[in-house]
Amino acid sequence: MVLDEPHHCNTSWIRAIGPNLTEEEQLNLTLPRDADGAYEQCSMYSPVDWDLDSIVAYGLNATEKCSSGWVYPSAQAPSLLNEFDLVCDRKDLIDISQSIYMLGLLLGSIIFGPLSDRIGRRPVFLFSMLIRGLFGVAIVFVPNFYVYMAFKCVVGTAEAGIMIIALVLATEWVGVSHRPKAVLISHCCFGIGLMIIPGLSYGIRNWRLLQIAGSAPVFALFFYIWVLPESARWLVIKGRIEEAKKVLQKAASINKRTIPLELLEQLKPEAQPKPGSILDLFRKKHLRKVTLIMTCAWFADSLVYYGLSLNVSGFGLDVYLTQLAFGGVELPARFSCIFLLQWFGRKKTQAVLLLLSGLMCLIVTGIPEDQPMVTTVLATIGKFTATASFSTSYVYSAELFPTVIRQTGVGLCSMSARLAGIIAPLMLLLEQYHPSIPMAIFGSVSVVVGLLCFLLPETRGTDLVDDMGLEDIKGTPPQTSNRSLETLSKTDTTKVGVDLEKDNYKFSESK
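Read in order, the letters of the sequence shown correspond to residues 4 to 514 in the numbering used here.
These aren't lab readings, by the way, just hints derived from the structure by calculation.
Treat the hints with caution; some may be incorrect.
Unchecked claim - Derived Cβ-Cβ restraints for the label pairs, each shown as a range:
| id | residue 1 | residue 2 | range |
| --- | --- | --- | --- |
| 1 | E27 | D54 | 19 to 25 Å |
| 2 | G464 | N209 | 50 to 56 Å |
| 3 | S49 | I207 | 35 to 41 Å |
What the hints assert, rightly or not - Only pairs whose alpha carbons sit at most 27 Å apart, straight line, appear in this in silico DSSO-like list of lysine-lysine:
| id | residue 1 | residue 2 |
| --- | --- | --- |
| 4 | K249 | K271 |
| 5 | K288 | K351 |
| 6 | K184 | K288 |
| 7 | K184 | K351 |
| 8 | K259 | K249 |
| 9 | K249 | K292 |
| 10 | K350 | K184 |
| 11 | K259 | K184 |
| 12 | K287 | K184 |
| 13 | K287 | K253 |
| 14 | K259 | K287 |
| 15 | K249 | K287 |
| 16 | K350 | K287 |
| 17 | K184 | K94 |
| 18 | K271 | K259 |
| 19 | K259 | K248 |
| 20 | K248 | K292 |
| 21 | K288 | K350 |
| 22 | K287 | K351 |
By construction, the Cβ of each residue, glycine as well, lies at the ideal position given by its N, Cα and C atoms.
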């Protein structure tokens with residue numbers, strides 16, 4: 004979030020011939036005025052070799068762009084804008100930097116999705132956290148804005164790895180009954196972070212200190228090296244049965260439960276599934292339909308979500324209050340999904356939320372500019388529904404893709420979302436032609452994709468699919484290829500305290 008600041012061209016050249024000029028006299032002699040009588044922010048009178056008396060008597064007429072930088076009269080602390088001169092011809096770099104960050108998220112989806120399917124969720128997650136922390140802090144020392152954008156791209160790459168792997172880990176450790184809760188509770192933590200940002204940015208105006216405050220806490224999570232488990236389901240799919248037994252036994256010991264050895268011995272895969280690739284998503288009819296619609300859903304989610312979030316200063320009210328409102332709706336939006344997904348199912352929730360977020364954007368286009376409160380309220384409702392839709396997409400897509408290709412499928416969806424994230428800031432540049440163009444595009448895309456979501460199958464109450472051998476997903480509980488894991492999931496084991504499918508590989512409470 005880069006806030007606009009008053010600025011004007013640096014015209015200190017006149018001090019060489021008029022050292023005793025007051026600041027107002029200097030500006031009056033060297034800066035032209037706009038139609039409202041204010042000093043121009045991006046142009047100045049061309050320097051001349053005249054003496055001061057001649058300049059005062061005849062004035063200056065020829066103008067040029069700022070050639071010696073800018074002055075920020077009200078600047079109290081270093082900000083991205085005043086330190087790197089992100090004004091006038093360089094103003095577009097602000098939106099471009101947002102697109103570069105989204106490009107990093109896209110690269111992270113491309114790299115870390117398939118990588119974690121091959122080498123495991125845990126090592127890729129830990130590596131992503133390390134890169135996020137190192138480059139997040141390193142941004143503080145960048146010498147120019149171009150290096151800043153490059154580092155932000157790397158940070159975005161790491162954050163994509165963290166987000167999509169956290170989703171898959173939560174999904175694969177959690178059974179049908181509590182799967183949405185596990186995913187959405189982690190999303191609620193994301194919402195809490197967004198609520199903290201306005202307070203941090205309001206209290207810490209120096210952008211470098213703010214960057215440290217937002218990045219350094221990652222290193223406090225170093226203990227994940229010892230406590231974060233690998234996905235037991237992924238280990239079984241890869242044929243690493245002994246490792247799967249160990250992580251299940253560790254989970255049992257943490258919950259003060261015991262798994263009978265005869266039950267663990269049933270954990271044997273029938274056959275090693277063929278590793279999936281991104282092409283497998285388009286070979287089978289049911290996967291092709293799911294893949295195309297879900298990538299569109301993630302695209303629409305991201306386009307509206309970031310389109311509204313990045314335009315926080317364009318709704319007419321105080322930017323900090325607007326950002327606080329936008330952050331404030333994150334938590335209830337994500338939390339409400341826990342109930343919406345259980346009551347109405349995945350398909351209806353996804354479709355309706357996309358339709359509502361699109362309608363809010365379209366309605367905003369018809370609100371007059373002198374009604375900032377109405378515009379902000381509608382935008383906040385749109386942010387609420389877009390946030391809830393995004394969280395629904397995470398749960399829905401993780402349930403639709405088989406285990407052997409789940410990370411790849413979610414990664415492809417995430418790539419689509421990141422592509423929309425790249426486009427969203429650039430769409431905001433179209434406001435110079437008409438203020439309603441960006442919102443009209445955001446709303447139209449969301450409405451069309453919301454209608455397409457009605458073509459998806461329902462996954463509420465169904466088991467996770469392990470391989471790609473299923474003919475279709477019709478909304479009925481599928482049979483996984485891994486019979487032994489299914490046996491563990493379905494066996495009545497409440498007496499020994501384990502309920503792998505119903506309670507997330509989590510050991511049930513004693514009766």
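We went through each hint and held it up to the structure:
1. Roughly 20 Å separates the CB atoms of E27 and D54, a value that falls within the hinted 19 to 25 Å.
2. At about 51 Å, the CB distance of G464 to N209 agrees with the hint of 50 to 56 Å.
3. About 40 Å separates the C-beta atoms of S49 and I207, a value consistent with the hinted range of 35 to 41 Å.
4. For a cut-off of 27 Å, the pair hint linking K249 to K271 stands: about 14 Å separates their Cα positions.
5. For the hint linking K288 to K351, the alpha-carbon distance of about 22 Å falls within 27 Å, and the restraint holds.
6. Pair hint K184 plus K288 does not hold up; C-alpha atoms about 30 Å apart against a cutoff of 27 Å.
7. Among the hinted pairs, K184 with K351 is consistent with the structure: their alpha-carbon atoms are about 18 Å apart, no more than 27 Å.
8. For the proposed pair K259 and K249, the alpha carbon gap of about 15 Å is at most 27 Å, so the pair holds.
9. In summary, the hint linking K249 to K292 is not supported, as the alpha carbons are separated by about 38 Å, beyond the 27 Å threshold.
10. Taking the CA atoms of K350 and K184, the gap is near 17 Å; set against the 27 Å cutoff, the hint holds.
11. Distance check on the hinted pair: K259 and K184 sit about 23 Å apart at the alpha-carbon level, within 27 Å; holds.
12. For the hint pairing K287 with K184, the CA-to-CA distance comes to about 30 Å; that exceeds 27 Å, so the pair is violated.
13. Between K287 and K253 the CA atoms are separated by roughly 38 Å; this puts the pair beyond 27 Å, and the hint is violated.
14. Of the pairs offered as hints, the one joining K259 and K287 is violated, with about 44 Å between alpha carbons and a cut-off of 27 Å exceeded.
15. Distance check on the hinted pair: K249 and K287 sit about 35 Å apart at the alpha-carbon level, beyond 27 Å; violated.
16. With a C-alpha separation of about 21 Å, the suggested pair K350 and K287 falls inside the 27 Å cut-off, and the hint holds.
17. Between K184 and K94, the direct Cα distance comes to roughly 42 Å. Violation of the 27 Å bound is thereby established for this hinted pair.
18. The hinted pair formed by K271 and K259 meets the criterion: a straight-line CA distance of about 25 Å does not exceed 27 Å.
19. Proposed proximity of K259 and K248 is supported: the alpha carbons are some 16 Å apart, at most 27 Å.
20. At most 27 Å may separate the alpha-carbon atoms for a hinted pair to count; K248 and K292 exceed this at roughly 36 Å.
21. A C-alpha spacing of about 19 Å is found between K288 and K350, which places the hinted pair at or below 27 Å, so the restraint holds.
22. Proposed proximity of K287 and K351 is supported: the alpha carbons are some 24 Å apart, at most 27 Å.
Figure legend: structure checked against the earlier numbered hints; hints not met, in rising order: 6, 9, 12, 13, 14, 15, 17, 20.
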